[in-house]
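> Sequence:
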Amino acid sequence: MTQTQVQEQGTVQLLGGLKNISDRDRKILEAGDESFVPFSWADLEDIVQKNELSRLSRKPSDLLYYLQCKQRYQEEYGGVLPFIIKERLHWDAVNGEIIPSNETFLGDKSDIKILYNDFPYGLEDNIVHVVVWSKARIPNQPPKGDLTPESRKQINDYVVATFQNHLSMPAENILWFKNWAALQSVRAIDHFHVLLRNPPMDKLQALIGTSGPDGAFALNP
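Residues 1 to 221 in the working numbering are what the sequence shown lists, from first letter to last.
It is possible that part of the hints are untrue.
Restricting the straight-line Cα-Cα distance to at most 16 Å, the calculated cross-link-like pairs of lysine to aspartate or glutamate (EDC-like) are [unchecked claim]: (1) LYS70 / GLU87; (2) LYS144 / GLU52; (3) LYS50 / ASP146; (4) LYS86 / GLU75; (5) LYS109 / ASP214; (6) LYS70 / ASP25; (7) LYS86 / GLU97; (8) LYS109 / ASP146; (9) LYS86 / ASP118; (10) LYS86 / GLU76; (11) LYS70 / ASP118; (12) LYS19 / GLU75.
Because the hints were derived from the structure by calculation, they are not lab data.
With the hints as constraints, model all of the structure from the sequences given.
Structure representation (structure tokens):
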């Protein structure tokens, strides 16, 4: 079923075919699209600044489509992770694991790939959600798996070089965050999220599927 078909048929009618729906997701789905208010840029700034990432959610029809795809990937690929590795990242796995060219985060361009988020949160229409995937682990600190100060700076430098400078975007139109380990839907491959308000779509499209400009890696030797 396509995302458009999900939206046309509605969410409550389609819940029966899904397995293991969380209480939170069920409440969102049963509320329906008509009651959903997209996140504004001000909302996102507040969420990211306070690191309250659990507040983020998808529009009900988008959430349903995500859960349906997740279930299908489990049946056809053995999980979301194998699907992403094979069909989206096109990375070679060794015994189910991704081996980085350089174990240091941002140490090698070939270990990074920028993609659109196939299942973005419920954002206003002028906001684009991309994900930066990394073969190398991004250092974090227990118990929640939040970023270390060093890895936070590395990501920020990369975001400035790749999205602010390369796309000629104002800093106030860019937000980034990395979900704590407990909140990640795909945990085995490290990644962080970038939100862009009114980006130049032609320039952004040219970045998709790449690791970003060379300058982003010169900052992180």
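> Confirm or reject each hint.
How the hints compare with the structure:
Proposed proximity of LYS70 and GLU87 is supported: the alpha carbons are some 14 Å apart, at most 16 Å. At roughly 13 Å between alpha-carbon atoms, LYS144 and GLU52 fall within 16 Å of each other, so this suggested pair holds. Pair hint LYS50 plus ASP146 holds up; C-alpha atoms about 13 Å apart against a cutoff of 16 Å. Note on LYS86 and GLU75: the hinted pairing holds, with a Cα-Cα distance of about 15 Å set against a maximum of 16 Å.
With a C-alpha separation of about 8 Å, the suggested pair LYS109 and ASP214 falls inside the 16 Å cut-off, and the hint holds. Between the alpha carbons of LYS70 and ASP25 the distance comes to roughly 13 Å, so the proposed pair stays at or under 16 Å and holds. Of the pairs offered as hints, the one joining LYS86 and GLU97 holds, with about 12 Å between alpha carbons and a cut-off of 16 Å not exceeded. For the given pair, LYS109 sits about 24 Å from ASP146 by alpha-carbon distance, which is inconsistent with the 16 Å threshold.
About 15 Å separates the Cα atoms of LYS86 and ASP118, which keeps this hinted pair within 16 Å; it holds. Among the hinted pairs, LYS86 with GLU76 is consistent with the structure: their alpha-carbon atoms are about 12 Å apart, no more than 16 Å. The suggested pairing of LYS70 with ASP118 holds, with an alpha-carbon distance near 12 Å, which does not exceed 16 Å. Distance hint between LYS19 and GLU75 is fulfilled; the C-alpha atoms sit about 12 Å from each other, no more than 16 Å.
In this structure, only the earlier hint numbered 8 is contradicted, and the remaining ones agree with it.
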